[in-house]
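*Asks:* Read off the chains here:
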Amino acid sequence: MKMVKVIGSVTSTIKDDCLKGVKLLFVQAVDIDLTERNDFYIAIDTVGLGEGELGLMVIGSTAKLTDITKGRNVDAALVAKVERIDLKNINHIV
Amino acid sequence: MKMVKVIGSVTSTIKDDCLKGVKLLFVQAVDIDLTERNDFYIAIDTVGLGEGELGLMVIGSTAKLTDITKGRNVDAALVAKVERIDLKNINHIV
Amino acid sequence: MKMVKVIGSVTSTIKDDCLKGVKLLFVQAVDIDLTERNDFYIAIDTVGLGEGELGLMVIGSTAKLTDITKGRNVDAALVAKVERIDLKNINHIV
Amino acid sequence: MKMVKVIGSVTSTIKDDCLKGVKLLFVQAVDIDLTERNDFYIAIDTVGLGEGELGLMVIGSTAKLTDITKGRNVDAALVAKVERIDLKNINHIV
Amino acid sequence: MKMVKVIGSVTSTIKDDCLKGVKLLFVQAVDIDLTERNDFYIAIDTVGLGEGELGLMVIGSTAKLTDITKGRNVDAALVAKVERIDLKNINHIV
Numbered sequence: 073m074k075m076v077k078v079i080g081s082v083t084s085t086i087k088d089d090c091l092k093g094v095k096l097l098f099v100q101a102v103d104i105d106l107t108e109r110n111d112f113y114i115a116i117d118t119v120g121l122g123e124g125e126l127g128l129m130v131i132g133s134t135a136k137l138t139d140i141t142k143g144r145n146v147d148a149a150l151v152a153k154v155e156r157i158d159l160k161n162i163n164h165i166v
Numbered sequence: 073m074k075m076v077k078v079i080g081s082v083t084s085t086i087k088d089d090c091l092k093g094v095k096l097l098f099v100q101a102v103d104i105d106l107t108e109r110n111d112f113y114i115a116i117d118t119v120g121l122g123e124g125e126l127g128l129m130v131i132g133s134t135a136k137l138t139d140i141t142k143g144r145n146v147d148a149a150l151v152a153k154v155e156r157i158d159l160k161n162i163n164h165i166v
Numbered sequence: 073m074k075m076v077k078v079i080g081s082v083t084s085t086i087k088d089d090c091l092k093g094v095k096l097l098f099v100q101a102v103d104i105d106l107t108e109r110n111d112f113y114i115a116i117d118t119v120g121l122g123e124g125e126l127g128l129m130v131i132g133s134t135a136k137l138t139d140i141t142k143g144r145n146v147d148a149a150l151v152a153k154v155e156r157i158d159l160k161n162i163n164h165i166v
Numbered sequence: 073m074k075m076v077k078v079i080g081s082v083t084s085t086i087k088d089d090c091l092k093g094v095k096l097l098f099v100q101a102v103d104i105d106l107t108e109r110n111d112f113y114i115a116i117d118t119v120g121l122g123e124g125e126l127g128l129m130v131i132g133s134t135a136k137l138t139d140i141t142k143g144r145n146v147d148a149a150l151v152a153k154v155e156r157i158d159l160k161n162i163n164h165i166v
Numbered sequence: 073m074k075m076v077k078v079i080g081s082v083t084s085t086i087k088d089d090c091l092k093g094v095k096l097l098f099v100q101a102v103d104i105d106l107t108e109r110n111d112f113y114i115a116i117d118t119v120g121l122g123e124g125e126l127g128l129m130v131i132g133s134t135a136k137l138t139d140i141t142k143g144r145n146v147d148a149a150l151v152a153k154v155e156r157i158d159l160k161n162i163n164h165i166v
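Protein sequences appear in the order of chains A, Z, F, C and U.
First residue of the first sequence? That's 73 in the numbering used here, and the numbers climb one at a time after it.
First residue of the second sequence? That's 73 in the numbering used here, and the numbers climb one at a time after it.
First residue of the third sequence? That's 73 in the numbering used here, and the numbers climb one at a time after it.
First residue of the fourth sequence? That's 73 in the numbering used here, and the numbers climb one at a time after it.
First residue of the fifth sequence? That's 73 in the numbering used here, and the numbers climb one at a time after it.
By construction, these hints were calculated from the structure, which means they are not laboratory data.
Hints may be right or wrong, so weigh each one.
Because identical chains cannot be distinguished in the list, a pair is counted as satisfied if it fits within a single copy or across any two copies.
Think about it this way: if two alpha-carbon atoms lie no more than 20 Å apart in a straight line, the pair counts; the simulated EDC-like pairs of lysine to aspartate or glutamate are [what the hints assert, rightly or not]:
1. Lys87 x Glu123
2. Lys95 x Glu123
3. Lys77 x Asp111
4. Lys92 x Asp103
5. Lys77 x Glu125
6. Lys95 x Asp158
7. Lys92 x Asp105
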């Protein structure tokens, strides 16, 4: 999984049927020190993340295995909220 | 999904049977501020996008799950038209 | 799909049984203005491309879905010959 | 597989059911001379790796094939502990 | 497929059951002129490659389709030995 930050959302009314009724979040990959990378995705939220919050994103066919994304043609899903990061010398509570 | 802009199309008469009857669009990845990235794909359109319009692209095996791409050997499909982007301090209507 | 140019071929007699009887082409990714990228693949040809010709390449599990690659363990296949590219201000006949 | 080093862990209580009861490790890709790359993942540990230890990581749908990750929607799993690296002129015991 | 050079091997006794009894080779991606790229993988050998030899590597779910890797959770396998490369103006016998 990749650690990403929610930075916004995307609205689309013209879309494949499989995407109806899901929230499309704009996310940005972040480094371990939370530096933002120039790397963006649109992902389906399955855990209720808000703007500025950190989550874990699965990509590829795995993204279709959550209760919310089952049977939908998505290739990126947020599957966990990051609440705490423990590194060698640093504990982040986020 | 990745956000991409339609920049053109590709014509091919000599191709695998599975690609017959679909439109092959040339798309370019864009950043959240719509800056163009040096990153190009040929994708199947499933939502009727025109040149210059923004869409969401799924890649990999997921691309074969739309009504239009089912059973076709494609690895990139446009599955939504981007109509509005909401970021922290900016709302784009596109 | 990615647009690639055929630049050569690879010969291998010691190989997995699944690769027997297919042509292994050396291809290079190209930009929309046909600039060559430093990005190379060995792909199975399914449409009869010759050296210097442009094709569309599928990668990943999708590459195993053509008539020629079915059941073969390949992760890159050429599935269309690019004959014409239409961009905003430019028409290439290739 | 990619060689990675365990650098920490992530805590998440709000997550997809499939992620319950597994340890989420923060890992960093390393080069053959063990130089750290600016490339981070969150992976499920299946072999009991501790901080600072080297492991082999599988990504994509393959990550769902271990006894521990079966049926879980994860796209990165640590499947081996690296104990020794033999290169042309160097033997590392790690 | 990607062209890679065998540069060494990895020893692991603590590993997922699926990896028992296979050789884990350290490989490095190479360009068409055989320049080494800063891009490393650990791959399962299915064709008996020795150090310094060139091979073709499949990645992703395709890597699980050879006789040797069937049912094993690997995402990179060497499936052919490269014996000769024919480019426009150059023939390499390797």
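*Asks:* Kindly indicate which numbered hints from before are broken by the structure, ordering the numbers from low to high.
*Replies:* 4, 7
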